[in-house]
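Participant: Below, each chain spelled out in residue letters.
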Amino acid sequence: MTATTGPDHRAPDRLGKISPLAFALTVGAAAFVLVSFNHVGLSWEKILGGGPGLARLVSQMFPPDLSRLSPVLVSLLETFQMAVVGTVLGIALSLPLAVMASAKHSPHPVLRVAFRGLIAFFRTVPDLIWALVFVIAVGLGPAAGTLAIMIDTIGFCARFFAEAMEEADDGPQEALTAMGAGRTGLLFSAVYPQVIPSFIATGLFALEKATRSSVVLGLVGAGGIGIELKVAMDFFSYDLACMIIISIFVLVLMVEQASGWLRARVL
Amino acid sequence: MPEISINRSNRPAETGISEAPGIAPGVERRSIPGPVVTEVPADRPATICAVDKLVLRFGGRGSPAILKGVSLDIADGEAVAILGSNGAGKSTLLRCLPRLLEPNEGSVSLLGEQVMSLRPPALRRLRSRIGFVFQRHNLSTRLSVLSNVIHGAHGRVGALRACHQALAPQALREEAMDCLAQVRLADLAGRRADQLSGGQSQRVAIARALMQRPEIMIADEPVASLDPNAAEEVMDLFARLMRDRGITLIFTSHHLKHALAYGDRIVALKSGLVVEDKPTARLREQDLDWIYDSNDRT
Chain V
1 MTATTGPDHR
11 APDRLGKISP
21 LAFALTVGAA
31 AFVLVSFNHV
41 GLSWEKILGG
51 GPGLARLVSQ
61 MFPPDLSRLS
71 PVLVSLLETF
81 QMAVVGTVLG
91 IALSLPLAVM
101 ASAKHSPHPV
111 LRVAFRGLIA
121 FFRTVPDLIW
131 ALVFVIAVGL
141 GPAAGTLAIM
151 IDTIGFCARF
161 FAEAMEEADD
171 GPQEALTAMG
181 AGRTGLLFSA
191 VYPQVIPSFI
201 ATGLFALEKA
211 TRSSVVLGLV
221 GAGGIGIELK
231 VAMDFFSYDL
241 ACMIIISIFV
251 LVLMVEQASG
261 WLRARVL
Chain P
1001 MPEISINRSN
1011 RPAETGISEA
1021 PGIAPGVERR
1031 SIPGPVVTEV
1041 PADRPATICA
1051 VDKLVLRFGG
1061 RGSPAILKGV
1071 SLDIADGEAV
1081 AILGSNGAGK
1091 STLLRCLPRL
1101 LEPNEGSVSL
1111 LGEQVMSLRP
1121 PALRRLRSRI
1131 GFVFQRHNLS
1141 TRLSVLSNVI
1151 HGAHGRVGAL
1161 RACHQALAPQ
1171 ALREEAMDCL
1181 AQVRLADLAG
1191 RRADQLSGGQ
1201 SQRVAIARAL
1211 MQRPEIMIAD
1221 EPVASLDPNA
1231 AEEVMDLFAR
1241 LMRDRGITLI
1251 FTSHHLKHAL
1261 AYGDRIVALK
1271 SGLVVEDKPT
1281 ARLREQDLDW
1291 IYDSNDRT
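Chains V and P are the protein sequences, given in the same order. Everything in the first sequence is counted per my numbering, starting at 1 for the first residue and increasing by one. Everything in the second sequence is counted per my numbering, starting at 1001 for the first residue and increasing by one.
These are computed hints drawn from the structure, not numbers from a lab. Since the structure is predicted, the reported quantities are computational estimates derived from the model, not experimental observations. Certain hints may be false.
Only some residues are given here: those of chain V computed to face chain P with a beta carbon under 10 Å [to be verified]:
hint, residue
1, Phe37
2, Asn38
3, Pro172
4, Leu176
5, Arg183
6, Gly185
7, Ala190
8, Ile196
9, Glu256
10, Ser259
Restraint-style ranges between C-beta atoms, simulated for each label pair [unchecked claim]:
hint, chain 1, residue 1, chain 2, residue 2, range
11, P, Ser1107, V, Ala120, 55 to 65 Å
12, V, Arg265, P, Ser1107, 51 to 61 Å
13, P, Pro1064, V, Glu166, 42 to 52 Å
Glycine residues also receive a C-beta, built at the ideal position from the N, C-alpha and C atoms.
Go ahead and model the full structure; you've got the sequences and the hints to work with.
Facilitator: Okay, structure coming up:
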């Protein structure tokens, strides 16, 4: 049997060499995590000390108060409608923005950088801030929440749509280019057919995310069930709050189940 | 398997029976009777493709060239087989013809147009007259066979009408079905392209190229990914369709037999240079073996 080791057949080191900069960054990151633990004041004493308070809250929440079930369900429907409309608008606007932000399909590198920046801005500003902005712009109510969800969806979907388009197989695009197809032809005949499953999956995730977000947006007056929850908590009606939380849980669960089923069918 | 002429010396004879000027020893040539459909414009130039001192390098000026000054003239109706080992520059050369790759130096004249000086709209118009069949078929696999064939009309109709069979005008759908019938796949028009065998996929790619009503056909190792039987079938079909229409065919292959059988002329590339350019009638298989030798005879 031929020897497989020796000066010319040495196995590579178990761990790759680490540069001084990478080592310093790793140590710095670890130190930051430790300091952060210390700074937030989290301790076993605090966690265990919170137990009785939590138990008291839970005992006041049950049994849930069903007397206001009807108006809560109406608010829940409004919440879901905000999520649906905001997601649909966000996805529709994400499609052209994703083209502009995609490295392969953007008409110009400057436009690509500009649109990537815009999408990143939409994504990095939290939806609650967007809701506050739109409450000031269009007033209290579900319209503000819907616009906030739309912007948040663009930040999420446009980025993933652009990435999916960049990862699409080049073969069909090369074939279409060779046939004399223009940019629109390339997108509709070679790119979109490939990435539609990814688009649908991302869109469904966006709807799940929007459903969860739309619950919170009510806290700042942007419509939906959030305001009901806030009022219940402020008035110490924990049994009513419990009913609202269970309703939200059921809605989010239903949306996630439906979205998971649809994703499995599409992919 | 249908009986097929695989001689393509210049334009097809009106009888449909090829006039073989000579057959390479050891290569079987067959001829078929049958109608000839010629759709070639009368005013087409005699030299349909002229490549002059083409140089292409990937990367900067100091990087090694893939093509090192390739020159080549191809006559109207000719079938040219381009041979060479991996990395010789065959696929690169083919992609330079319709400027899918931008050469660093040299010029290409195709169908009477100076390809390098064309602006994007004119380049797209020229490309729409050139069929290009790829080794990996390059179909939109989530779309139906019919939609893929209709894509061939992109150069003639708007992008939205050519992107999906459901949006295509009736005349376009009928033409696509006719192209599919010619590659004997009309019964699979509604099937999704990712449910086809390799041979069927390549026949759909050929139908898509026919849908372009091409005046010249370029094929980059069209049967490289197929098993021997499917490769034979697809090459026979391809060669017959090109001959029937009098379409100039430029194809690359690793199969010497295919090059000798389906080409009128063989151009051999080695390390980015043309090292052999002869009519197939004057070549034997063993004459070409050296092209694949690692020892450089250039």
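Participant: Confirm or reject each hint.
Facilitator: Consistency of the hints with the structure:
The restraint placing Phe37 (chain V) at the interface with chain P is violated, with a minimum CB-CB distance near 49 Å, outside the 10 Å limit. Hint status for Asn38 (chain V) relative to chain P: violated, with the closest Cβ pair at about 52 Å, above 10 Å. Given hint, Pro172 (chain V) at the interface with chain P, holds; its Cβ is 5 Å from that chain's nearest Cβ, closer than 10 Å. Interface hint at Leu176 (chain V): satisfied, since its Cβ lies 6 Å from the closest Cβ of chain P, which is below the 10 Å cut-off.
Given hint, Arg183 (chain V) at the interface with chain P, holds; its Cβ is 8 Å from that chain's nearest Cβ, closer than 10 Å. Here the hint on Gly185 (chain V) is kept, as its CB sits about 4 Å from the closest CB of chain P, short of 10 Å. Checking Ala190 (chain V) against chain P by beta carbon gives a least distance of about 6 Å; that is within 10 Å, so the hint holds. A distance limit of 10 Å between C-beta atoms decides the matter here; for Ile196 (chain V) the minimum to chain P is near 7 Å, and the interface restraint holds.
Annotation: interface hint on Glu256 (chain V) violated; nearest CB of chain P at approximately 26 Å, more than 10 Å. For Ser259 (chain V), the interface hint is violated, since its Cβ never comes within 10 Å of a Cβ in chain P; the closest pair sits about 21 Å apart. For the hinted restraint 55 to 65 Å between Ser1107 (chain P) and Ala120 (chain V), the CB-CB distance of approximately 44 Å leaves it violated. Judged by the Cβ atoms, the range 51 to 61 Å given for Arg265 (chain V) and Ser1107 (chain P) holds: they are separated by roughly 53 Å.
Range check, Pro1064 (chain P) to Glu166 (chain V): about 29 Å between beta-carbon atoms, so the 42 to 52 Å window is missed.
Hints 1, 2, 9, 10, 11, 13 from the list above are not met by this structure, while the remaining hints are.
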